[in-house]
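Since the structure of chain A is already known, use the hints to place chain B on it.
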Amino acid sequence: MKQPSKTMVLAALVPLCALIFGVVITSFFIMLTGVSPFSAFRVLISGAFGTSGKVWPLLITLGQATPLILTGLAAMYSFRVGIFCIAQEGQYVFGAIVAAWLGVALSLPPWLHILVVMAASMIAGGIYGLIPAFLKVKLGVNEIISSIMLNSIAVLVLEYMVAFPLRADQGQKAQSAVLSRDIWLPQFVQGSRWGISFIIAISLAVFAYFHIWKTPKGYELRMVGQAKRFARYGGIKADPTILKTLFLSGMIAGLAGSMEILGNYHRIMTGFSSGLGFDGLSVALLGQSHPFGVVIVAILLSGIRQGAQLGLQISLQVPRELGGVLIAMVILFIAAENVYRPLLDKLYDIINNRLTLIKRKHNVKEVDHV
Amino acid sequence: MFDFLNIFTINVISSSIRLATPIILAALGAAMCNKAGVLNLAIDGKMLIGAFTAIVATYFYRNYTSIGIAHPVLATYLGVFTAMIVGGAFGFFFAWMHIKYKVHLVILAIAINMLALEVTVYLMRVLFKQAGTWSHPSIVQLPSLDAAWISSIPLIGRFLTGYNFIVYFSWVIAIALTIMMYKTRFGRYIQAVGENIEAAEAAGISVKRVQYFALVFSGMLAGMAGAFLSVGHLTLFTRDMSSGRGWIGNAAALFGFNSAQGSFLAALFFGFADGIALRLQNVTNLPPYIVQLMPNILTIVILAIVSYRGKIRELKRTQQ
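Chains as they are written, first to last, in our numbering: chain A, 19 to 388; chain B, 6 to 325.
Calculated directly from the structure, the hints in this document are not laboratory data.
Every value quoted in this text rests on a predicted model; they were computed, and no experiment measured them.
Some hints here could point you the wrong way.
Cross-link-like lysine-lysine pairs, in silico, DSSO-like; alpha carbons within 27 Å at most [as the list claims (entries may be wrong)]:
| no. | chain 1 | residue 1 | chain 2 | residue 2 |
| --- | --- | --- | --- | --- |
| 1 | A | Lys232 | A | Lys255 |
| 2 | A | Lys262 | A | Lys232 |
| 3 | B | Lys321 | A | Lys156 |
| 4 | A | Lys262 | B | Lys316 |
| 5 | B | Lys316 | A | Lys255 |
| 6 | A | Lys255 | B | Lys321 |
What the simulated footprint calls covered on chain B by chain A, stretch by stretch (three residues with Cβ under 8 Å from a Cβ of chain A suffice, anywhere in the stretch; the number is not a length) [said to hold, decoys possible]:
| no. | stretch |
| --- | --- |
| 7 | 100-110 |
| 8 | 117-126 |
| 9 | 248-261 |
| 10 | 292-306 |
| 11 | 310-324 |
Okay, the calculated bits of chain A under chain B, using three or more residues with CB under 8 Å as the criterion [claimed, not checked]:
| no. | stretch |
| --- | --- |
| 12 | 295-305 |
| 13 | 349-357 |
The C-beta atom is built at its ideal place from N, Cα and C for all residues, glycine as well.
For reference, chain A alone in the conformation it holds in the complex (with noise of 0.2 Å):
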């Protein structure tokens, strides 16, 4: 059998550690309330991952996973090609309101309906993520801040569309009009907002293994991300590269926000983004930039939210905001990794000597049976 190598091994440590530490420091705060963190863990896993009542909890948490795997897979992309693109917060929110605009304004067949609404919502993302990467590969500007600009024009025009094109009517809410139930995508449980997009994230997500990994396209892409100059050496041409792959981020981000809007709110309001790019981010970061760690992580990130909202909250009176504390504490820990890396280290290696140790005696064994 093959023995996994030790950053194999690592790679898999450090998140655990990152998550072990970051539950004793919550379990601090937990205890502030006078609640005992066992109680308020056991609490939080059955809010997040439970599957009792008319509708599981596991399936709330799979719902919500569904826009984070996506912004995840975003970020991911942007990440690989060596871009760090923070834009999917504002390309998310653009795609939502490109959605509830031509969710309203359209009136085609139902089928052609959503498709065109969700065909429109990615190019509008796709076009928001072409904006960074152009700035970044032709003129070099610092894809960091200009995505921080992008996003807080991409809320300001949230704000301008809610309150006066879009707005449905002369409430105290600045809304748009609810969308005709014929375009809503169908959930699989009523109430639970776990439906089709979640399986069309989960595909996109085996899409984006294949494409990285399996195809000569993302070995381009992988290349220009590790070594710019090694690739155009090799005869890849890096800026189309970036410029195509964080179209499609930008797509894929895009795409969340068009499901959220026809899956789930079926309206766009004010407020309607709430920091959704900022956590795929997260998800990006702490699944590995790999797909199906994005998958994990982002149906982990949901389950904790949600546990604490449902769990914690309503059943032991600990404010929900415990479950932010978490995910930031692990994200705190996980990009704090050099700090206990080496006690990592030198702990494999101890324990790996032991093992070949006591092979070698095995076979020193057979060999005497021989």
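What follows is chain B alone, placed relative to chain A:
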């Protein structure tokens, strides 16, 4: 037409200056960090922490009678000071993590921003049993300072007084930083690091010291900016109170080419965009968002121009 003229009143100017103050403080800190080659995207989070610390500290100091300082206004000043210390401590943590352990600054910033948002609300709920907003009647706002001789200056006098000390402090610190950058040795060190880190290191400048200074300093300014929001402007704390002002500060720093005077003016510009947008909302039914969009779009345009010029210069250098 009358509506349009009505936008520009004294109120707009002084409210714009107040709105600009946290952005100025954030921008000065961000500019210093950019110069030192440490991108500080956690200013927004540190501002939020500062806002929370200031109001909570003020609340706890208010009846601190044992050493005879049971003065509510003094408690507020002490609250601002505490917020600065806490902001600086976070800045130090940032610097320590980055310089000693090579932790990625952007990821660290994402974590700190998220932590600030969640922890402040969590503590507000646990300590004060409030979900959205917390305030206490015993907390006194930072007083405005008036000086008769300044307000009697014709034309501009009225715009120069009636703010609290943080507003004046932001002006003083902008001037002080400008002087420091051009006239002192340490300022020149920072400039050198901003130009080229490797060259500065080779010339014997302690890049680490410059980076520590920049991050701690910007953390303190961010803490103060937060204090301005919670005890300087209003006397309450609300969820996500900084609402992206730290990010705007980052943008303003870039808009102002990372110089102290440039960032100050850029932040003032952003503040005026906010002030005018607010006024537009009250007086007319024109969409205020257009005015707020302006500085954001301008920042991108200016960034593009600056980077393009830099790129051309680079090309010329390599051709020679």
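Given that the stretch 349-357 of chain A was listed as covered by chain B, double-check it with a C-beta distance under 8 Å for 3 or more residues. This one holds; 7 residues, not fewer than the three required, reach chain B with a Cβ under 8 Å.
For the pair supplied as a hint, lysine 262 of chain A and lysine 316 of chain B, confirm whether the alpha-carbon distance does not exceed 27 Å. Within the cut-off at roughly 22 Å; holds.
Outcome, coverage hint (the stretch 248-261 of chain B, chain A; C-beta under 8 Å; three residues): holds (count 6)
Hinted pair, alpha-carbon criterion (27 Å max): lysine 262 of chain A, lysine 232 of chain A. Please report holds or violated. holds (18 Å)
Original post:
Regarding the pair lysine 321 of chain B and lysine 156 of chain A, is the alpha-carbon distance no greater than 27 Å?
Top reply: holds (16 Å)
Restraint check for lysine 232 of chain A with lysine 255 of chain A, where alpha carbons must lie at most 27 Å apart: OK: lysine 232 of chain A and lysine 255 of chain A at ~19 Å, within 27 Å.
#### Entry: Holds or violated: lysine 255 of chain A to lysine 321 of chain B, with C-alpha atoms at most 27 Å apart
Holds - the C-alpha atoms of lysine 321 of chain B and lysine 255 of chain A are around 23 Å apart, at most 27 Å.
Proximity test - 8 Å, beta-carbon atoms, the stretch 117-126 of chain B to chain A, at least three hits = This one holds; 8 residues, not fewer than the three required, reach chain A with a Cβ under 8 Å.
Coverage of the stretch 292-306 of chain B by chain A, judged on three or more residues with CB within 8 Å
n = 9 at 8 Å, threshold three: holds.
When you check the alpha-carbon spacing of lysine 316 of chain B and lysine 255 of chain A, does it fall within 27 Å?
-> Holds. Lysine 316 of chain B to lysine 255 of chain A sits at ~19 Å (cutoff 27 Å).
Item to complete: Count the residues of the stretch 295-305 of chain A whose CB lies closer than 8 Å to any CB of chain B, then report whether that count reaches three.
Response: Contact hint for the stretch 295-305 of chain A vs chain B: holds, 4 residues under 8 Å.
message = Closer than 8 Å Cβ to Cβ for three or more residues is the test here. Does the stretch 100-110 of chain B pass it with chain A?
response = holds (count 5)
This entry satisfies every hint, going by the numbered hints stated previously.
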